[in-house]
Amino acid sequence: MLSFEFGGKDSFRDFGVYVEKRPNIPSPERRVTYTDVPGMDSRLRRDEGTYGDITLSVECSLLGDPVSKISAVKGWLLGAGEADLIFSHIPGRKYLAQVVNSIDFEVVLKITSHFIIVFNCKPFQYATDNAPVTVGESMTLTNPGTVKSFPMIKVTGSGAGNLTINENDVSFSDIDESVILNSEIQETYQETGTELVGKNSVMTGEYPALLPGENIISFSGGITSLEITPNWRWL
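Just so you know, the sequence shown maps onto residues 5 to 239 in our numbering.
Take the hints with a grain of salt, since some may be wrong.
Stated by the list, open to error - DSS-like mimics (lysine-lysine), calculated; alpha carbons at most 27 Å apart, straight line:
hint	residue 1	residue 2
1	K152	K126
2	K126	K13
3	K203	K158
To be verified - Beta-carbon label-pair distances, calculated as ranges:
hint	residue 1	residue 2	range
4	S61	Y38	26 to 34 Å
5	G85	P32	27 to 35 Å
6	I115	P32	35 to 43 Å
7	N124	D45	20 to 28 Å
8	V71	E33	35 to 43 Å
9	L145	D178	20 to 28 Å
10	T198	N170	29 to 37 Å
11	I120	E191	36 to 44 Å
12	S72	I220	53 to 61 Å
13	Y22	D88	15 to 23 Å
14	S72	N170	33 to 41 Å
No lab work stands behind these hints: they were computed from the structure.
Ideal Cβ placement from N, Cα and C applies to all residues, glycine included.
Between the sequences and the hints, there should be enough to build the whole structure, so can you do that?
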C-alpha cells in the first residue's frame with residue numbers, strides 16, 4: 005500500500021490515509037527568456053540556469069469513519085506549512101513541499117473518503133540521508149545527484165586558510181575555532197551555541213557548489229578539517 009510522510013507524520017500509520025495510485029512526477033521547467041532581435045534568425049536566448057517549482061497532485065483515500073478523522077487530516081496537511089514530503093515508493097528521496105489546495109473530501113458509503121492533495125514543491129528531489137562528511141585531508145567527493153548541490157561546510161582551524169573545491173578558491177582571513185560556509189543561503193557565520201554570529205567579513209571568494217560526479221577538495225593554511233553537509237539533489 006502506497007503512503008507518504010509529510011511534516012514528520014506518516015499518512016497511513018497516523019491517519020489511515022493511503023495513496024490510490026502513484027502520482028505523475030513532472031520535470032521542472034528551466035527558466036529561459038527569449039528576445040526577438042530585428043534582423044536576427046531565431047531568437048536570443050538567456051538561460052538563467054534555474055528551475056521553476058513543480059506541482060504534484062496526489063489522489064488519496066481515508067480508511068475508517070471519515071467524520072471523526074477529517075478535521076485531524078486537514079489540520080495535519082494544512083498546518084505543516086513547507087515540510088519534507090517522502091513517498092513510500094521513492095526511497096531515499098524527498099521533496100520540500102506545501103499543500104496549496106482546498107481539500108474536498110468525498111465520502112463513500114460512510115466508511116471511506118476520497119480526496120486530492122495538491123503539493124507545490126521545490127523543483128528538486130533531495131536525499132533523505134544528508135549526513136555530514138568529515139574531511140581531514142584532501143579528497144574526492146562524488147555527487148550522486150543530477151544537478152549541482154549547494155553544501156554547508158563547517159571549516160575548523162585558526163587564523164588564515166584557503167579552501168579549494170574543483171577550481172573554486174575560498175580564502176579565510178581570521179578563523180576563530182570554526183566558521184560555517186552556507187552555500188545555499190550565501191552566508192558565512194559562526195555557531196556559538198546560543199546564536200549565529202555573522203562572519204561574511206572573514207571570507208573571500210564565491211560560495212562553492214558540488215558538481216555531479218567527482219569533486220576535488222583540498223585545504224591549506226590554518227584549516228585543519230572540514231565537515232560537509234552535501235545537500236544532494238536530483239531533477
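Hints, one by one, checked against the model:
Simply put, K152 and K126 have alpha-carbon atoms about 15 Å apart, close enough for the 27 Å limit, and the pair holds. A distance of roughly 20 Å separates the Cα atoms of K126 and K13; the hinted pair therefore holds under the 27 Å criterion. About 12 Å separates the Cα atoms of K203 and K158, which keeps this hinted pair within 27 Å; it holds. A beta carbon spacing of about 29 Å between S61 and Y38 agrees with the range 26 to 34 Å that was offered as a hint.
Taken as a hint, the range 27 to 35 Å is violated for the pair G85 and P32, whose Cβ atoms sit roughly 21 Å apart. One distance hint, 35 to 43 Å for the beta-carbon pair I115 and P32, holds here, with the actual separation near 39 Å. Between N124 and D45 the beta carbons are some 38 Å apart, a value that contradicts the proposed interval 20 to 28 Å. Checked against the hint of 35 to 43 Å, the C-beta distance between V71 and E33 comes to roughly 40 Å, which is consistent with it.
Our hint of 20 to 28 Å for L145 and D178 holds, since their Cβ atoms are close to 26 Å apart. As the Cβ distance of T198 to N170 is approximately 35 Å, the hint placing it in 29 to 37 Å holds. Between I120 and E191 the beta carbon distance is about 38 Å. The supplied range of 36 to 44 Å therefore holds. In this structure the supplied range 53 to 61 Å holds for S72 paired with I220, their Cβ-Cβ distance being about 58 Å.
Between Y22 and D88 the C-beta distance comes to about 19 Å, which sits within the given range of 15 to 23 Å. Range check, S72 to N170: Cβ separation about 56 Å, and the 33 to 41 Å hint is violated.
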